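Asker: Read off the chains here:
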Amino acid sequence: MNDRIKIDPTSLPTLRDLHRATFGIALMTTLLTIVAVLPAEYGVDPTGIGARLGLTALGELKHADTADAGSEEAAKPESPPVATFRTDEFTLTLAPNEGTEVKAAMAGEAQLIYSWTVQGGRVFYDFHGEPKGAPSDVFTSFEKGTAASAKGEFEAPFEGVHGWYWKNVGKQPVTIQLRTSGLYTSIARLQ
Amino acid sequence: MSGANIGLGGGRLRWALALAGCVLLAASSAFGHGVAEGDQLFLESTAGSQLIPFVYLGAKHMVTGYDHLLFLVGVIFFLYRMRDVGTYVSLFAVGHSVTLLYGVLSGTDVNPYIVDAIIGFSVVYKGLDNLGKFERWFGFQPNTKAAVLLFGLVHGFGLATKLQDFELSSEGLVGNIIAFNVGVEVGQFLALAAILVGMGYWRRSESFVAHADTANKLLIAAGVALVVYQCNGYLNS
Chain Z
41 MNDRIKIDPT SLPTLRDLHR ATFGIALMTT LLTIVAVLPA EYGVDPTGIG ARLGLTALGE
101 LKHADTADAG SEEAAKPESP PVATFRTDEF TLTLAPNEGT EVKAAMAGEA QLIYSWTVQG
161 GRVFYDFHGE PKGAPSDVFT SFEKGTAASA KGEFEAPFEG VHGWYWKNVG KQPVTIQLRT
221 SGLYTSIARL Q
Chain S
-10 MSGANIGLGG GRLRWALALA GCVLLAASSA FGHGVAEGDQ LFLESTAGSQ LIPFVYLGAK
50 HMVTGYDHLL FLVGVIFFLY RMRDVGTYVS LFAVGHSVTL LYGVLSGTDV NPYIVDAIIG
110 FSVVYKGLDN LGKFERWFGF QPNTKAAVLL FGLVHGFGLA TKLQDFELSS EGLVGNIIAF
170 NVGVEVGQFL ALAAILVGMG YWRRSESFVA HADTANKLLI AAGVALVVYQ CNGYLNS
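So the protein lines, in turn, are chains Z and S. When you read off a place in the first sequence, starting at 1, and then add 40, the result is the number in the numbering used here. Residue 67 in the numbering used here sits at position 78 of the second sequence, and the numbers go up by one each step.
Hints may be right or wrong, so weigh each one.
With a cut-off of at most 30 Å between alpha-carbon atoms, the simulated DSS-like pairs for lysine-lysine come out as follows [what the hints assert, rightly or not]: (1) S:Lys134 x Z:Lys102; (2) S:Lys49 x Z:Lys46; (3) S:Lys49 x Z:Lys184; (4) Z:Lys211 x S:Lys49; (5) Z:Lys191 x Z:Lys211.
Per the computed footprint, the stretches of chain S lying under chain Z, defined by three or more beta-carbons under 8 Å from a beta-carbon of chain Z, are [claimed, not checked]: (6) 190 to 200; (7) 206 to 214.
Label pairs and their calculated CB-CB ranges [as the list claims (entries may be wrong)]: (8) Z:Arg92 x S:Glu160: 15 to 23 Å; (9) S:Gln29 x Z:His59: 47 to 55 Å; (10) Z:Lys191 x S:Gln29: 49 to 57 Å; (11) S:Ser38 x Z:Glu195: 38 to 46 Å.
Since the hints were made in silico from the structure, they are not lab data. Here the structure is a predicted model, which is why all the values come from computation and not from measurement. For each residue, glycine too, the CB sits at the ideal point set by N, CA and C.
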């Protein structure tokens, strides 16, 4: 059934050619993995070439949300028992690559209305909550992405602190203006 | 839905189609083939000229793009002279570069599911072509170079839709898109080198002639799986 397939053996690459090509590909793959893939995927840059090419920033961005959001839990505000209706306003300035958090202590099912806008660019954001008393690396992301503004209503799914992590992923400083209103017991910026 | 149901050349093609169904069920969640979440953040947050990162993302998209790679495997399956490989791969590259650049820069809105379904069909087409089915069914051989160029144009629209999903900054856009396209070619070169060497070893053994038809039936099966998956995505979108 394979009369169609005709191969002229003399025109095929020799085994020697193939072995050499295999070696070349293996070498190139290893090099590219070290100088490009590790920096761009994991932010790991053993040679420093990735940073010069701008690839390390790509890798660091991928791991920015989890790495930074988890490291700032020590200053978490305690949630006092009584919540009154309140309104708060924050103005936050972030240098390039700087991140910060603002979080409100809320009871389960407590509600909050929010609006934030960025002047000077866009930011990476992770709107998330941490259950009260949970270990510092336990948090739930409600929404994340990059944006120049966001607003909405939010009902806390559990008791704990809820709020935003922002990171300036641009090359210019940005200013974030945040307004919140609702039934929460405290709200604070965490460095 | 593929031509494979018409006047089958034996039960093996049917078997391959059944296998495609199983692959589809098992791996449907892995068929998304978009741009990874972290890369999306980068694409959307970046402004200005970022040539090397865009080259990287283009190359990554190609090397991890199984639909494009399956088509390439089909195209070079029976090509073992480097000059022929060069000719066909250049036609494919010209085709997808034209529509990638045109699609993103003009903002042409094409449905990604339909484009990806046609890309799946291009794999089926090339598999059938390699099996010599067109000559048997229709009595003539469609021009293979024209087909590669034509499907190259479709693949380019597929690449364009992936980038158009993002709110790319208009600052430095043209340079960044060209860099992405250059990356696609770099990725294609790297993937092709590996495929050619693998095929080179295989062609030297007798099992190539014995199993070439089976391999192309598997290619058709994978193409059918892609078509079904993308049509399903279109109907549910």
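Asker: Are the hints correct? Go through all of them and say.
Answerer: We went through each hint and held it up to the structure:
For the hint pairing lysine 134 (chain S) with lysine 102 (chain Z), the CA-to-CA distance comes to about 41 Å; that exceeds 30 Å, so the pair is violated. For the suggested pair lysine 49 (chain S) and lysine 46 (chain Z), the alpha carbons sit about 35 Å apart, so the restraint of at most 30 Å is broken. Our distance criterion of 30 Å between C-alpha atoms is met by lysine 49 (chain S) and lysine 184 (chain Z), whose separation comes to about 24 Å. Between lysine 211 (chain Z) and lysine 49 (chain S) the CA atoms are separated by roughly 25 Å; this keeps the pair inside 30 Å, and the hint holds.
Under the criterion of a C-alpha separation no larger than 30 Å, the hint pairing lysine 191 (chain Z) with lysine 211 (chain Z) is consistent with the structure, at around 25 Å. Closer than 8 Å: that is the beta-carbon criterion, and the region 190 to 200 of chain S has 6 residues meeting it against chain Z, so the requirement of 3 holds. Remark: the region 206 to 214 of chain S is not confirmed as covered by chain Z, as 0 of its residues place a Cβ nearer than 8 Å to a Cβ of that chain, below the required three. Taken as a hint, the range 15 to 23 Å holds for the pair arginine 92 (chain Z) and glutamate 160 (chain S), whose Cβ atoms sit roughly 22 Å apart.
Against the hinted window of 47 to 55 Å, the Cβ-Cβ separation of glutamine 29 (chain S) and histidine 59 (chain Z) comes to about 40 Å, which falls outside the hint. The supplied range of 49 to 57 Å is broken by lysine 191 (chain Z) and glutamine 29 (chain S), whose beta-carbon atoms lie about 22 Å from each other. Taking the beta carbon of each, serine 38 (chain S) and glutamate 195 (chain Z) are about 43 Å apart, inside 38 to 46 Å as hinted.
Hint compliance for this structure: hints 1, 2, 7, 9, 10 are not met, and every other hint is.
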